[in-house]
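Colleague: Protein chains in written order, with my numbering: chain A, 1 to 597; chain B, 1 to 80.
Quick caveat, the hints were computed from the structure, so don't treat them as lab data. Given the structure is predicted, the values throughout are model-derived calculations rather than measurements. Ideal Cβ placement from N, Cα and C applies to all residues, glycine included. Don't take each hint at face value.
Claimed, not checked - Covered stretches of chain A (in silico footprint by chain B; criterion: 3 or more residues with CB under 8 Å from a CB of chain B, positions within the stretch not fixed): (1) 17-25; (2) 208-216.
Said to hold, decoys possible - With a straight-line cut-off of 30 Å between C-alpha atoms, the simulated DSS-like cross-links for lysine-lysine are: (3) A:34 - A:396; (4) B:78 - A:65; (5) B:78 - A:61; (6) A:215 - B:78; (7) A:215 - B:9; (8) A:177 - B:9.
Each chain, letter by letter, is given below.
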Amino acid sequence: MSQNQLLEALEYPFNLSTIMTKRAQIVGELSKLKGIEKRVAVLGESNTSELVRLLDLFLQKNNIKPVFFESNYGQGRQDILSNNVELLKFKPDIVYIHSNYFNIRQWPKYSDAPEQIERLVSNEFESFRTVWDKIGTSLKCLVIQNNFEPSPYRPLGNLDFAHHSGSINFINAINQKIANYAQQNSNFIVNDINYQASLLGLDKWFDFNLWYRSKYAMSFAALTLVAHNIGNMLSSHWGLTKRCLVLDLDNTLWGGVIGDDGQTGIEIGPDSVKGQAHQDFQRYIRKLSERGISLAIASKNSLESAKLGLSHPHSILKHEDFASVQANWGPKSDSIQQISKEVSLGFDSLLFIDDNPAEREIIHQFLPNVATPNVGRNIADYALKIDRAGFFEASKLESEDTNRNQFYADNVQREEHKLQFDSYLDYLKSLEMSAILAKFDQENISRIFQLINKTNQFNLTSRRYNMESVQNCIGSSNTIAIYGRLLDKFGDNGIVSVIVGHILEGVCHIDINLMSCRVLNRQMEFAMLDQLIEFCKTQKIRTVIGEYIESDRNKLVENFYESAGFQLDRRSQNTSFWSLDVSQHQSKNQAIKVSIV
Amino acid sequence: MNTNDVLNKVQETMRGVFENPQINLNLQSSAKDISEWTSLNHINLIVALEHTFNIRFDLGEVEDLANIEELVHLIIEKSQ
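Sequences and hints are given; from them, build the entire structure.
Modeller: Have a look at this one:
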């Protein structure tokens, strides 16, 4: 079996036979992938041994190398409540609580009054909530919790949904409480098995033979779907999901060939069967764009034709919705390299959708880190193919995400503005930039956490902090932790930079120094450094040490400390250490007005 | 499918699930002859066989099989 076929077994809708009988070969292929090591505790309320083996595959596929802690059968929540020493020592990065229908302790009776049933709902919910709260104070890590799937039996039939004592009504009430909890707790996300079970179908989701034989609470097909979803959620949490959708035009965004058929000849909109499907596909893409996914075009067309197609009255997406438009006759691998530069994202953040298998193959050959799913030939399935694979899984939705396309639109204006100036500094000054810098605070902690865990390019050390470590920076006397927001005459760029220094024996070691690429070359990085040094001066610190750790994606900043006036101390394999005498520091920021809060 | 075909397919499935290409089955083989055949692996083997042959074993049918011959006959019976 080829390498591709082996790894395709892990793509939705999955090939369970291959996974079960060729696992050793699949593991062999996965071991060639790079990954970040993460500690994953699986707390089972039922048998989890197969789930952990499947999770191992799906996490490795997503460039996460997991180390597992697995609770003994049925001991999951007990391990938390009783402070299991092994689990505390394990120090998980995340805890996943694998529970479902079988863990409902008390179902309503038909004779129960609505208030009694409300109490039962509360009891079931509280038995979990105490565990989540406990994790919040003891392990302080991310929690992934299943909601509940519909019960397999309906003694009342359809009335089980609407009647206050019905089993489906009961499940839905508990699930609502879980959703409410998630809305109030940033370190808690829900694995929606209610949706996954409906996707698979309840008859395939449950396998009661497995429950009676070995206390597996769901079928292996269901466990595969769960492992896939957990893999995507963790990818998202650690910033490894896709961030830009690169689209072909002809027979992808519309039916037909714009260059041949002209604007009136292409199929888009309610007037034809395929035109409706293309328009709905565009609506789906619009939704992705509204939640912060950047859009780009890689098309073999003239730019005029591309614009003509996008200005079709029924086209949902317009030219200005795209952060980069590459319409030319060159190879699409060149176009995608250009897109990667223009949107400041690495290849592994890109997803390429094209109806033409030959184009997908070229990208697969030349840019293997760009995802090139086989979307098939039927436009009616395209949105589903993207949706089911979970490329754009979101573990949370920040206002920074939903505003991102506004940032890009503002950037287009800034670029146009730039053309009017002779010197770059004049241009920067004309942007009328101001920065607001502050020490870490509770109010902005989730954006700070997101930046630390998702920034790859302008990131000197690529160190990731869990929520606890970010919290610990607040009010600490031996840590200088600053975030920065940048505004200019075109708008607010939001919080775009974080710098963290640890003070050790009178020396400040910069542990994190990162910036969002959307404000590259604006001198914000120097404004941040200046402020760190100001804080150092007030604490009588004479030396600052900076570190550059090379990764696949941060070449951009290899000379940062040199440009900031640091001296090279030493260089090892992939790390260089730089030092600066605080009294010698000269500010390199000439364009940003800084205020401190 | 005759006994031999089924036996070969069972052997292939077992080699994959138990991650041991050296396993050789005959009709008299049983769990005690194959060190990987633990109770946990047994469940995975049963699920894999159900997928391979597109059948479903009832509760009680695969809990105490004496040897591979019984399993092969059960699969043939289920496949008809």
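Colleague: Tell me if the straight-line CA distance from residue 34 of chain A to residue 396 of chain A falls inside 30 Å.
Modeller: Roughly 25 Å between the alpha carbons, so the hint for residue 34 of chain A and residue 396 of chain A holds.
Colleague: Can the segment 17-25 of chain A be counted as covered by chain B under the rule of three residues or more with Cβ-Cβ separation shorter than 8 Å?
Modeller: Three-residue rule met by the segment 17-25 of chain A, so holds; n is 6.
Colleague: Are there at least three residues in the segment 208-216 of chain A whose beta carbon sits under 8 Å from a beta carbon of chain B?
Modeller: Satisfied; 6 residues make the cut.
Colleague: Need the status of pair residue 177 of chain A, residue 9 of chain B: alpha-carbon distance at most 30 Å?
Modeller: Between residue 177 of chain A and residue 9 of chain B the Cα gap is close to 49 Å, so the pair fails against 30 Å, i.e. violated.
Colleague: Going straight from one Cα to the other, do residue 78 of chain B and residue 61 of chain A come out at no more than 30 Å?
Modeller: Violated, because 36 Å separates the two Cα atoms, which is more than 30 Å.
Colleague: Given the hint that residue 215 of chain A pairs with residue 9 of chain B, does the C-alpha gap stay at or below 30 Å?
Modeller: holds, 27 Å
Colleague: Regarding the pair residue 78 of chain B and residue 65 of chain A, is the alpha-carbon distance no greater than 30 Å?
Modeller: violated, 41 Å
Colleague: Take a quick look at whether residue 215 of chain A and residue 78 of chain B sit within 30 Å of each other, Cα to Cα.
Modeller: holds, 25 Å
Hints 4, 5 and 8 from the list above are not met by this structure, while the remaining hints are.
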